[in-house]
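Enquirer: First to last, the sequence lines map onto chains R and P.
Numbering of the first sequence is given in the numbering used here, commencing with residue 1 and proceeding in unit increments.
Numbering of the second sequence is given in the numbering used here, commencing with residue 1 and proceeding in unit increments.
Capping the alpha-carbon separation at 25 Å, the derived lysine-lysine pairs in BS3-like fashion look like this:
1. P:Lys52 - P:Lys105
2. P:Lys52 - P:Lys68
3. R:Lys57 - R:Lys11
4. R:Lys11 - P:Lys105
5. P:Lys105 - P:Lys60
6. R:Lys57 - P:Lys105
It should be emphasised that the hints constitute simulated quantities derived from the structure, not laboratory data.
On a predicted model such as this, the values are computed, not experimentally measured, just so you know.
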Amino acid sequence: DTGVSQNPRHKITKRGQNVTFRCDPISEHNRLYWYRQTLGQGPEFLTYFQNEAQLEKSRLLSDRFSAERPKGSFSTLEIQRTEQGDSAMYLCASSLTALGLGELFFGEGSRLTVL
Amino acid sequence: GDSVTQMEGPVTLSEEAFLTINCTYTATGYPSLFWYVQYPGEGLQLLLKATKADDKGSNKGFEATYRKETTSFHLEKGSVQVSDSAVYFCALNTVDGNTPLVFGKGTRLSVIA
Chain R
1 DTGVSQNPRH
11 KITKRGQNVT
21 FRCDPISEHN
31 RLYWYRQTLG
41 QGPEFLTYFQ
51 NEAQLEKSRL
61 LSDRFSAERP
71 KGSFSTLEIQ
81 RTEQGDSAMY
91 LCASSLTALG
101 LGELFFGEGS
111 RLTVL
Chain P
1 GDSVTQMEGP
11 VTLSEEAFLT
21 INCTYTATGY
31 PSLFWYVQYP
41 GEGLQLLLKA
51 TKADDKGSNK
61 GFEATYRKET
71 TSFHLEKGSV
81 QVSDSAVYFC
91 ALNTVDGNTP
101 LVFGKGTRLS
111 VIA
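Required output: the full structure, derived from the provided sequences and hints.
Expert: So, in structure tokens, the structure goes:
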């Protein structure tokens, strides 16, 4: 399967712990996005990369959140000192800018539960 | 800021019924408009899109027309099937594509046989 892959699919952690999610985009895609989705809501933008450069961060991305995309391939999203309000589905998407505007390819998401 | 408003669900229809899911938007400038669909257990996927006024996007029997005068992009299908049961998201971004997609809250559709 050559789609967007996210790991782990589910993570349960205690408040105050750190968690890290990984996203492997479609190999030739140069843009990678992180979104967060809570129950009954649409995806909310967190941040995105073009190659290895982080081009934009949402105000939703507090200083406890950090994302990286070394070498412009896979990306990680780390949440430090997790809070119960961080419980959500974290979605990764990738795109190729030449493909056309707004056509993102999403992974199945990583669900975080903070106890 | 830019935003999208969708009709609230859930929507429950019988097979072969006509579907409309309303979507209106607020945007500065001239956005591109999209419908994404999320089937159970799967990631979101692009269903259709339109990039300028009066454009009609279509795919898998679904259609939506970009109406600038009413700032709307309603999703329609003439005859739904059980396999269309999913969550549908309306979304927009700016015409140059350099801003991230902004999504609506989603509308859950259930089609019963």
